Amino acid sequence: MRILLVEDDPEQLEPLKTILGHQGHLVDGVKEGETAQWLLQEKTYDLIILDWMLPGMSGLELCRNYRQAGKETPILLLTAKDTTGDKVMGLDAGADDYLIKPVEVMELLARVRALGRRSPRWLGDQLRLNDLVLHLSSMTLQRGAKTISLSTREYQFLEFFLRHPGQVIRREQLELHLWEWDNQPESNAVSTQIRRLRLRLEELGCAEWLETVYGMGYRLQAPSSV
Amino acid sequence: MNRRRTFTFQGWPQLSPQQQGFLIILLPVFCLVSTVGIFVWLSMSMSDYEKAVRHSQRVQLEARELLNHLIDAETGIRGYHLTQRASFLEPYHTALAQLPATLEEIETLLSYSPQQLTNFQHLKTLVNRSIGLLTAQMNPPPSDRWPLIQEIEQSKRVMDQTRAAINAFITAEERLLVNRQQQLESLRQMHAIALILAVMVGFLGSGLAVRLFAKLFRELERRRQELEAACNRLSQFTANASHELRAPIAAILSHAQVGILLGQQQPEQALLRLEKVASLAKSMGQLVNDLLFLARHEGVSPPDFTTPLEVGTFIQAIAQEWRETHAQSHTFHLQLPSVPLLIKGDRDMLKQVVLNLLSNAERYTPAGGTITLQVSQRGEEVVIVVADTGIGISATALPHIFDYFYRDERVQRRGIRGAGLGLAIVRQIVQLHRGSVLVESQENQGSTFTVKLPLAT
Chain D
62 MRILLVEDDP
72 EQLEPLKTIL
82 GHQGHLVDGV
92 KEGETAQWLL
102 QEKTYDLIIL
112 DWMLPGMSGL
122 ELCRNYRQAG
132 KETPILLLTA
142 KDTTGDKVMG
152 LDAGADDYLI
162 KPVEVMELLA
172 RVRALGRRSP
182 RWLGDQLRLN
192 DLVLHLSSMT
202 LQRGAKTISL
212 STREYQFLEF
222 FLRHPGQVIR
232 REQLELHLWE
242 WDNQPESNAV
252 STQIRRLRLR
262 LEELGCAEWL
272 ETVYGMGYRL
282 QAPSSV
Chain R
8 MNRRRTFTFQ
18 GWPQLSPQQQ
28 GFLIILLPVF
38 CLVSTVGIFV
48 WLSMSMSDYE
58 KAVRHSQRVQ
68 LEARELLNHL
78 IDAETGIRGY
88 HLTQRASFLE
98 PYHTALAQLP
108 ATLEEIETLL
118 SYSPQQLTNF
128 QHLKTLVNRS
138 IGLLTAQMNP
148 PPSDRWPLIQ
158 EIEQSKRVMD
168 QTRAAINAFI
178 TAEERLLVNR
188 QQQLESLRQM
198 HAIALILAVM
208 VGFLGSGLAV
218 RLFAKLFREL
228 ERRRQELEAA
238 CNRLSQFTAN
248 ASHELRAPIA
258 AILSHAQVGI
268 LLGQQQPEQA
278 LLRLEKVASL
288 AKSMGQLVND
298 LLFLARHEGV
308 SPPDFTTPLE
318 VGTFIQAIAQ
328 EWRETHAQSH
338 TFHLQLPSVP
348 LLIKGDRDML
358 KQVVLNLLSN
368 AERYTPAGGT
378 ITLQVSQRGE
388 EVVIVVADTG
398 IGISATALPH
408 IFDYFYRDER
418 VQRRGIRGAG
428 LGLAIVRQIV
438 QLHRGSVLVE
448 SQENQGSTFT
458 VKLPLAT
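For the record, the sequence lines run as chains D and R.
Numbering-wise (my numbering), the first sequence opens with residue 62 and increments by one.
Numbering-wise (my numbering), the second sequence opens with residue 8 and increments by one.
Just so you know, the hints here were simulated from the structure itself, not pulled from any lab data.
None of these values were measured; they are calculated from a predicted model.
Note that the Cβ used here is the ideal one computed from N, Cα and C, for glycine as well.
You may find that some hints are simply not true.
What the hints assert, rightly or not - Simulated restraints on C-beta separations:
{"no.": "1", "chain 1": "R", "residue 1": "LEU299", "chain 2": "D", "residue 2": "LYS104", "range": "42 to 50 Å"}
{"no.": "2", "chain 1": "D", "residue 1": "ASN244", "chain 2": "R", "residue 2": "HIS304", "range": "47 to 55 Å"}
{"no.": "3", "chain 1": "D", "residue 1": "LYS104", "chain 2": "R", "residue 2": "ARG441", "range": "57 to 65 Å"}
Produce the complete structure using the sequences and hints provided.
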């Protein structure tokens, strides 16, 4: 999932971003409400995790503005505000879930999964192309009786291709969707990742499914559909 | 304004709202009761005097009636003597029949004015004597004229005396009547004056009650606003405190759990997270220390410090240590007094005051700015000034900077970290030393903190 994580305290932002990334999510971490607001206008997310108390625009304001704009991506409020009144205010502002700090990482991850299932882009717990199956919860790839574990990066790339099967995906699209907003990829980063992914697919005997369309980009498609 | 203040008595603000409300209700009630009381008393007095006046008038009438009866009796007797006809005796008999009732009526009426009773007794004797003499004239035979003439002469003398007495009685009663009428008239005037006074007192009392009510209402409104402000401050404090206390805990927990989850696959992650946890736990420890310090000294009356402290040397040592341990990114000026200045206080606490102020100045002054630490004497006080040329404090933040956990949003946006307890600690320590701390600041023009401490005597 592509997640926007808004948290002003870098000491809290960094571990959460790391663990969410480790779970295969692609996380844009920002410290200010205004930057988050700009990103929400520019990009599409599967989940937004917001701290309430931010310098400048508060998480609550951000949440309210986002909902008023008619957008439906699930929002999880993560805050030190713990009264019933705060929870009511937060949920009324348009949040889908409310977690009080300090939060158990396992619980946060479970809630993230639960909210992910409510995302408009949710297609189930697995993505399938013919007999190739990507299990989202375990980050494993299965073909027939053989199953391999993917690294976070491999998983993120493959998930993106499986969500757009048969489509030619340009390098810029991959850069936009698979790199964090403040992280500029090196010129050969995409091709390196594609090469690695092909090596993994090779283990299942389907490396050729991921084609390079010269001058255009990359495409994942099963041989039978050619 | 002053006149208005003196109008309501000075002890008014010291009364509780309940007492004030009771007095406000009591005021019109008192006015009403006293006015009605005065009215009832005046009306009853007037009714007494009216009755007395009516009695006097009736006494006069009855006395005149008495005189008429006597004249009738005398006229009847004389007619009879002249004509020897019994029919001329009719007025005499009628008068004689009515006389006792008239006398009795007068006597009854006089129970209201005992001052006339003596006169009446004298009058009554004369009347009875006159009647007796008149009746005696009826008995001797009319042939013998000489003794009769003598009796008539005697009767005439007594009758004249009686008439004179009745007239005197009437005159006296007239005087009484006039007197009573005058008193009644003055009572009527008093009644009118009392009415005007009652209306005035009523108006004044009601006006005062309304004024006091408005004052009480304003006072209650002020207290409500104060309470509301206190509630807001409390909820702001709770929100800030829970944010500041939970933030490091949340960070520690996240780092620890991430370390546990990733540690097995990536041992370097575990080490990194452990270092983070240790560093966060240290700052958390500092936060807890600060909070405990504040809680321990909150509301405590200043102790009697005995250790004398030479401010110049003391500040110089702090400044030197601070310069050695901090990056030299600012221009630093130190101005010390030329004469030794002694204060009494706790060395560690006062050091923390100076260090907190210096550390704030450093944090909120961009590199290249100037920080000045100045010590001087002003009257009976030692003045320690920490001034900087930094980002300053906004007018909205200025009244709150000594509040617990208060952090200016502008500062947070700049990513300058801190829990918002440093200045609260400064103020508490300064107050413990019977001193004061002031701040002057303008946005983007720097801030000046002035700590004043009493000189040791």
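Outcome of the hint check:
no., hint, verdict
1, R:LEU299 x D:LYS104: 42 to 50 Å, "holds, 46 Å"
2, D:ASN244 x R:HIS304: 47 to 55 Å, "holds, 48 Å"
3, D:LYS104 x R:ARG441: 57 to 65 Å, "holds, 59 Å"
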